[in-house]
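J.: Build the complex: two chains, separate frames, hints provided.
As a plain string of letters, each chain reads:
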Amino acid sequence: MEGTKLAYDLQQVSFAYEPEHPVLSDVTLSITSGSWVSLVGANGSGKSTLAKLLGGLLAVNAGKIIVEGTPLLRETASLIMPRIGMVFQNPDNQFIGATVEEDIAFGLEGQCLPRVEMVSRVQQYAEKLGIQHLLSKHPSELSGGQKQRVAVAAILAMEPAIIIFDEASSMLDEQARGELLHILRDMRSNGDYTMVSITHDAEEIMASDRVIVLRDGTVAADVDPDTLFSDDALLNSCRLIAPYHIRLIQELERRGIKVPPFPNADKEVEGTLWPLLFNK
Amino acid sequence: MAITFQQVSFAYDAKNLWRHGALEDIDLKINEGEFVAIAGASGSGKSTLLQHLNGILMPTTGKVQVFDVIMSAGEKTPKLTELRRRVGLVFQFPEHQLFEDTVEKDLCFGPLNFGSSKVEAKEQASKALSMVGLDDSFLERNPFHLSGGQMRKVAIATVLAMDPDVIVLDEPTATLDPQSRAELAELLYRLRRDQGKTVIVVTHRMEEMLPYVDQWIVMQDGRKTFQGSAAELTREALKLEASGLALPSCISYWNQIATRFGLEMEEPCLTVEALAERLERVLQVHDTAEGGGG
Chain B
1 MEGTKLAYDL QQVSFAYEPE HPVLSDVTLS ITSGSWVSLV GANGSGKSTL AKLLGGLLAV
61 NAGKIIVEGT PLLRETASLI MPRIGMVFQN PDNQFIGATV EEDIAFGLEG QCLPRVEMVS
121 RVQQYAEKLG IQHLLSKHPS ELSGGQKQRV AVAAILAMEP AIIIFDEASS MLDEQARGEL
181 LHILRDMRSN GDYTMVSITH DAEEIMASDR VIVLRDGTVA ADVDPDTLFS DDALLNSCRL
241 IAPYHIRLIQ ELERRGIKVP PFPNADKEVE GTLWPLLFNK
Chain U
1 MAITFQQVSF AYDAKNLWRH GALEDIDLKI NEGEFVAIAG ASGSGKSTLL QHLNGILMPT
61 TGKVQVFDVI MSAGEKTPKL TELRRRVGLV FQFPEHQLFE DTVEKDLCFG PLNFGSSKVE
121 AKEQASKALS MVGLDDSFLE RNPFHLSGGQ MRKVAIATVL AMDPDVIVLD EPTATLDPQS
181 RAELAELLYR LRRDQGKTVI VVTHRMEEML PYVDQWIVMQ DGRKTFQGSA AELTREALKL
241 EASGLALPSC ISYWNQIATR FGLEMEEPCL TVEALAERLE RVLQVHDTAE GGGG
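Chains as they are written, first to last, in full-length UniProt numbering: chain B, 1 to 280; chain U, 1 to 294.
Only chain U is shown next, with the shape it has when bound in the complex (with noise of 0.2 Å):
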């Protein structure tokens, strides 16, 4: 297991008598080699979640397990260094994580720091770069002068050369141009698939991630208020729509048509791919039905 959390709680104001939790009484496993993300409104407490995966903030109360390392309201703070070279974390805001003046400097940091030599690290750094989608041209550049989506891969990659374990993102697709973050998604299933690598993810465009995820978390209020697969979630659309998530087209899509033919306890389709191949198989046998009928 690499990842659990026994009943935390987490408040920015626990010592305040009107405490207002962000995080209420949250019980999860995370496997190694998984895909995960999280989805929920904005201040449902889910980056509020990430910052406990790697010792950012403690719980208030509750224990949180990452790897050996366990992280218990009240007990003394665990020695965070090695866990912060496995758990790597990409933050909301990318232009807050760069602070080099070249691209190159910003990527070596991190394998300086966690002890690789300078030749090593800038092999690290390139290779990284090259995984975002950006040329070597990338490294000489001041990550200031860059768009803010080059900006943001220059953010992930940092990241990326520290060859982390996990690997946390919130909300990495935002401000990206959509085929960077189609492509971004399909780098971190292959890092799931080639390396092992446990991905967690915080994601408002939920159809981007959908192929590629193996568990959904939703929250809502600071509580997990789902957790399993998409096809799962998507048999839960309306509870989930009531509660006040917005659930992407292709999964009202499913379920409408679904319902409509009777294909409710079916794997879900829910790329335009496999849906249209289903819809085709329904036509046909609508045609040879009513053919045969009249």
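Looking at chain B on its own, in the form it has when it is part of the complex (with noise of 0.2 Å):
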């Protein structure tokens, strides 16, 4: 069928580091094209090592990973690698040139493009995500959020279909983690990429269409961030806490003070409980 292509199609992956202690059993999931879908579970529920396999960085001990049709294999890699980007936790370990521009252009001359296309793809990405006027400075001049937008600037210029995001926004502070949501927001939005967003951040597993649900190596739970939140049995198996929001429209709810429904919900008083205060 058109318009339903798979980006992943896992089946019966398992893995361990150490054989007594297996990481992932038999997860088989399947992941559309041009979707958002955020992987979620506690500390030690094999999020980050799901992730380095769908990124190619592991390699199965059983079953198959299968990658825009083709099954990810030792002799396939270097086809399906180019398609896949990642983008790690720390902005530190990600830098590799002495100025931004020579960054974005470290992946580019890894795939031998000639130099006019790279200087237009940097300026084109560096556009994109409004650090042009960043390209001549060194990393250390740089705030942690600015790291993480040139580290997705980089990713991007690559032209990959695929982006795994590994805690990207873990380490950020509250404001750089603003920016690179609105980043992500926009990327969806763009409809060219399949992301796979590992988190534990609740107003980027909102943001997203789909959320699978790790415990103890295998999926739990295959949900839209909606049920997820609604599901206080569930929010504790993977050890997350809802948004302030929601967690206040709840507390409300039981107190007997329905909240009339308002789409525009978030951090502004005025969006959630308009109706509720602001008519009065």
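Derived from the structure by calculation, the hints contain no laboratory data. There could be a bad hint or two in this list.
Derived list of chain U stretches under chain B, where covered just means 3 residues or more per stretch with a C-beta under 8 Å from a C-beta of chain B [unchecked claim]:
id : region
1  : 129-138
2  : 167-181
3  : 246-256
4  : 268-277
Take a look, some chain U residues computed to stay more than 12 Å from chain B by CB distance [claimed, not checked]:
id : residue
5  : Lys79
6  : Leu83
7  : Thr225
Note that beta-carbon positions come from the ideal geometry of N, C-alpha and C, so glycine has one too.
T.: Laid out in structure tokens, this is it:
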């Protein structure tokens, strides 16, 4: 069927670093092209390991990973890997160049692109992520949020179809986290990317299309974000906490105060509680 | 007074002509048994400040006093062994702090170094591990085969195992799942309440620490721009936000509701329970007033 192409098709995937401590067992799932999937779970549930398998950084012990219709194997890895980009947790460990410009160009050099094409890609993606003014800067001159922005630009410049974010926002301050979320939203609405995000961040999960919950190395649930955050038992099992405005609405409802639904519920009181409080 | 900073400045490149100060003119007092949180954007000097607390860094100008140890710019470095037992530091990257091949050896390293017997050290190891919510089955594991979050918990436990008087944590909750983060905040609060520990924590997630913290310090560009209680922080929210600090939802919710209903002079309700309870009362008053009037 056209329009339901799969970016990933995982069949009974298992993995262990040490045989006596299996990390993933029998994981079967598929991810549609162009969708944004959050991968959540408690510490030690296997999220980062799954991310590394999806990114081709680790090989399965058993089972199969099929990327855009091609099985991910030693022989096919060189074809598949350019289709996948990864953004990691610590912005400082992802910098290679002495300037932002060099850093974005590094991956393109690896792809052996002609110089003209490289220059134009650097410009194009710097513009897209609003970092043109940073191109000549040394990484030490950048804030954490700016560094993650550069890391995303460097990945996007290689024009992958699939991007994996492995807790990319977890080390950022409040402000920078907001900026990264904005970028993810833009990428989603543009529709060119399949995004897999390993995250504990409630707002980031809310913004995605679908949540896969891992528990002890298996898929415990596969739901949409609203379902996840209204299911206390499920939230507890993956050790998540709902965003503040959702918890507040739940607490008010426990006290018999009905909060009318409002489309723009978020950080601002006006959004969530306007009908209840401000029309009084 | 456990800790005082007097006009402390620090520059990593102090002798350079283009000197760039990481800390500028910091005055600070922290009492024994206080829970202090430090907020501020990345690069604002938070980690540099922490590293003055047990003599990893010495001030370029000014004076730092921690218990009876005085570290003054230009003077000979005092003996730091005892200070380093009393002030335990958990760094930002747990993997940098672990080095043994089992969790137990890592946990015993500190206590053994500071004179505990083998039996005592093992006891302290197991106790510290249970404090961070990991059971004894982790003792034999290789710390480098644990997940990022578990590694961080072990790193925190290695410091707790030394039973320090002051526990200093640099952004301890990044990489932990949200419930583990809430549990850690609670653990720190209990250590302060039940054992009188002084707790100093750098955090990007202010909401988690808000219910427990006695004093907030806000850093910006190497300077201290705020020191005070959560209530004072809430009242100064607009000013702090204008200077680039992102504040958590619970503060902006309270401030908007306080403005709407004239509650500015009250103690802010910063948890969902407290806020819901307060809103319930506000709405009852309103409904009664409306009923009476019309």
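J.: All hints, please: hold or fail.
T.: Structure-based check of all given hints:
1. 129-138: Per the Cβ count (0), the hint is violated.
2. 167-181: holds (count 8)
3. 246-256: holds (count 8)
4. 268-277: With 5 residues in contact (Cβ-Cβ under 8 Å with chain B), the coverage given for the region 268-277 of chain U holds.
5. Lys79: holds (34 Å)
6. Leu83: Non-interface label on leucine 83/U holds, nearest chain B Cβ at 29 Å vs cutoff 12 Å.
7. Thr225: holds (15 Å)
The structure does not agree with numbered hint 1 stated previously, though it agrees with all others.
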